[in-house]
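One-letter residues, chain by chain:
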Amino acid sequence: MTAGFAKPLLTHELGSLAKPNWRVKAVAGRPLEDRDLEEARSWGRRLGVDGHEELVELLGRAPLGAEDRAQVKRWSSRYGVRFLETVGLDVVYDGEQQRSEMYAWAIAHAGGFEWRGSVRAFDNKYYSKAAVTGPISLRGPYHNEEFSLLRGVATAELKVPVTGAYTIADWSFDEHYFTDADLTGSAAARHARRREARRRFILDVARDLIRPNLEALIGLGAGWLQIDEPGGSTAPDELDLFVESFNETVAGLDATFSTHLCFSDYELFFPAIEGMTECRQFAVGFANYDSRELGRKPEDRPGYRVIPKFRDLPYRPALGIGVLDIHTDFVEPPELVRDRILHAVDVFGEPGRIHVIPDCGLRTRSWDVAYRKLESMVAGVELARRDLGL
Amino acid sequence: MPELRAYQHGICPRSERLVQATRDVERGRTTPEAVDEAFRADRQALLAVQREARLDHLSDGLLRWQDVFRPLVEASSGLEAQTLVRWFDNNSFFRAPRLADRPALDGLPPELSRDGDVPEDAVATLPSPYLFSRAAETTEDRDRVLGDLVRGVLRPAVEGLVGAGFRVIHLQEPWLPFFGVEDASWKPLEAGLAELHEASGDATLVFHTYFGDVAPHAERLRRLPVDAVGIDFVETDLDALPAPWGTGLLVGCLDGRRSLLESADGTAKFVEHVAEALQPPEILVSSTSDLELLPREVADRKIRLLGEVRARAAEALE
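So the sequences go chain by chain: A and B. For the first sequence, our numbering gives the first residue as 1, with consecutive numbering after it. For the second sequence, our numbering gives the first residue as 1, with consecutive numbering after it.
Isolated chain B (complex conformation) (with noise of 0.2 Å):
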């Protein structure tokens, strides 16, 4: 029976309070202090969710970033957040990242750092280096600008990450489902997750494609160099994909987008299925996508759900 661990990824929503108090301060209403002091509650507040909810690896929920560009963007020369461009087909915009220059992290942003209060063996997410390249304004040839944020960018960010002690890099990845991949971009993909495997040591590193149907692109998401490959299941046909899976597999399973709350017994029963069907050395179980897009209750509940179907489908599993 494969191994089963269970985290949430990704930009967790923000309490309604601290809306409030970014909003307060925005218009002068409220001190930059009195701001600190909600966002490091709401992290304590996200914390206590998922470990209540049992959770193999915690998150800080990426409360302060403003998309999965900005930090990295913030942090590096040769980069610039600029045009708010649509988050694929959600009511919610990201700002662009453009290429100024060869990008370059200039050190690891406060955003990555992990925070006294989150343990060790925690989860960080990171766009996928073709997400990134393909979201940056720029003219050049994508396929270097993919391997130039490897290396100035990424590939120093993952090192950081290690070090600080996150036990799971989790890297997204939208564009592939959602536009598509060229065949000759799957060799700049490949190297570049593979400089990524390499400087993430002993972490676990997944490839987690979501918004799209990858049934098409199986063959070729499950030989990539990673430990194990996400995949949406609201998107994707189970009975579509090769078995068996050959590597690890990150069941999203949990609709991100949606606010109506799925049966744990009918999701575990599910995670049960896809073990049998394919057969993966590990499976890692998570949302379809990241939960920024509920209100935060949504997605307390969802956490709570996601702990649930994890000790269900442990317990099928034994």
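Just chain A, same shape as in the assembly (with noise of 0.2 Å):
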């Protein structure tokens, strides 16, 4: 088990951060304005990264070539780390600086996926959408060059996060594994065929794509993986599919992991995720859920109902709480923080197995926003703690 794992209380981040616009305009090969400068130059005194005004220098040049560029996301990978270790988190990554986006780097590093186009994820959010078109491999590991970097830059313990393999399939299009588009015939047949090759789908990326590059990872020393799953719960019907592909993924691997689950409808994953018994922690978005009001007792939360499935699990995961809505750029204040701890401590019992986290990145948000609502939960696990004399 990584080192502070049972800390009670632990807190870490999830997955991404907004990538800064300078970051943004410098790695698209656009000239920067004087104001991106100077967000690095304050970002970068505010959260004390050491030689930041060699970043600002640099910047200075814009527009850069290819390997200045590649120095650019590095800078961003250190403020990104920074940023989560300055605000006071236990566990940080870089909130995925070096990414493009959680789905569309893992396909970028894929073999026997083409791009399609954009999908609506919700209102103005977009994301590119491949089809699978062949026998699907690694490229190359893709995490393995942040994951460097970081050991080497952050104080803080690491945990690395993964998007895993039932999502990579469900936010693809399949053209290559069931293409069978005759309406005439029995419907019930067509749909076990249509499940089969569904099945080998997700399982050929959990093998082929996820593991390997997990292999990598951990042969250069990564303690925690976080299987990101937000697509795990898509289709009511394939929790089966969704648990067997876990399973696939990290079976005999030597590291601990957990996974992220959130916008769902978290019922539908009992009874199936009984059967991840390698899964650490599972952490989950309630806070979209949730009502701003105050209070600790199961009426005043009604995002967090489903709690008690969690804890009944047959296994002993530590559960990660969603106490940050990330959609919207209300910052919690730290008693609505504390009074969500608190109800979940009531419901769970053992704070040593309850992670307080937010809902899912915060990428949606600026930095300002995100700083201060990670604050305000810091600020609030204080207040937890003080209440439960830890």
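Keep in mind the hints are simulated off the structure, nothing from the lab. Note that the structure is a prediction, hence the values are computed from the model and not measured.
Straight-line C-alpha distance at most 20 Å; calculated EDC-like pairs for lysine to aspartate or glutamate:
#1 Lys73(A) with Glu39(A)
#2 Lys7(A) with Asp387(A)
#3 Lys125(A) with Glu26(B)
#4 Lys269(B) with Asp180(A)
#5 Lys125(A) with Glu101(A)
#6 Lys73(A) with Glu57(A)
#7 Lys125(A) with Glu297(B)
#8 Lys309(A) with Glu278(A)
#9 Lys269(B) with Glu315(B)
#10 Lys125(A) with Asp89(B)
#11 Lys73(A) with Glu38(A)
#12 Lys7(A) with Glu85(A)
#13 Lys269(B) with Asp182(A)
#14 Lys73(A) with Glu85(A)
#15 Lys125(A) with Glu16(B)
#16 Lys125(A) with Asp36(B)
#17 Lys125(A) with Asp24(B)
Since each chain sits alone in its own frame, please combine them into the complex, following the hints.
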């Protein structure tokens, strides 16, 4: 088990932070404005990023060549780590500053996929969607470079977020495994063929793409790997496939594995995840569904109703409770965070198995808002610790 | 032989250019005027694809809609768009309408108006009252909410749309096939649809079920007070449906969730087979669900394919 994993009310971030304008523009080869440079300077100062003036100087030479752009990405990673460390989190990463996006980054390093275009997730938020068109393979480990850099930069413990097999498959079109489009004949037989094809697709992603990438990370010394599965409960009749893909991904590997679930009807995961015995922690987004009123009683905390089901799993995973709604600029007051935690402790018991997290990555918020939200989260944890006598 | 029409319903995906424009405006990289222009250009391009495909009714593609409820929610008192909720079994989310008070449409929102470049006899899409009442966040009795939504929001919307020249009112109903329906809820649904049917006058009112198998509900569905019932034939077995069908039938035969293109010939033959097997008085041909879950380029191809399917099926049914 990773060091510090059992610290009561352990805090960590979950995934991506927004990419600063200076990083976006410099990497896109666009000119930067004075305010972009000022953003790099002021955040560098605020976060205590060693040598940040070097970055400002580098940005001043934009538009940049390929090597300098790679350098900017590395700087962005340093800023991301310091952002999360400075705010006071126990476990950090870099806000995925080097990745394009959790799905796109994995697909860009996979064989067997072709891009098809943008598809809406919600409102004006879109993601690039690919289709599987041939045998799946790993073209090259795609988190090694960032992990190697962060290991040398971070002072807090690292946890590597890795997009899971089910989500990769679910967010892709299938143009390879199931190509039947004939509507005549029995729908039941067609559905059975579709399901079998789907299973082969998901398990091929697990075995031939995600697992070798994890093996590479573990070889570099990664100890805690978070399998991100925001797509995990998309299809209620496929939860067995989700569980099978997780197990296939991690079986026999020597590391701590956790998973992140968000924006789902979490009731659906039960009883299927009773079979995910290698999962040491479930990080779950709850705040999105919760009230903003204070109170620790069950009726005060409607977003956290499913906690007893995690408590009653036949193995003893930790539960990461989302206490920040990442879809809004509303900064949860520390007292609200405290009450959400105290409610979770009342229901789940054992603060040593409760971790405190945002619902999901904060990339849709500005750095200023994300920082204030996380600051408030850390302050809320302190209030809860005091209340619990920890 | 049944009358045959084809149209594309629901929200169509935005082009890559428009996606970029909406992204840019949120990040202060472009102006709202530039985004308006991108919307206009996108709508015209989408109308051009439908014209080329010779569809019988055109749609503006609901390009400005953030989800199927949003324009109605934002234009109504008593409703708020809030929690993000998964759109059935898709990697797509909507903001659940929250009932804060008895809902009332305060006026037809601009998203529902017919812009100058959209011809009369166009198709308009609305959430079905059953879907609306079930997707809403409320602690009230949902059958009563259904009635409130019909009277306060959907009926005035239908009247406004018909007054603006829309000739097809397409009601989206994925909830019923996906989650099912209690016996006691059929009556309020039938009453709500009857009210909308009355409000729709000479326009065609379509109740379109998708994302699930509706064979178990077929007997009730074909007696609903609407002009046509839509069926997702990717999920529902043709052989499990009663014949003769007895009312109009929207044949959802192009998969709105798959990027693979169906064969025009094979799909037209399937439409022909449906016509022979169920003998509906009218057939409307369309996609199983709206095309929002596809990238625009793929959606455009599906719309062109829909035109081909319609032409071939019409020829075969003559």
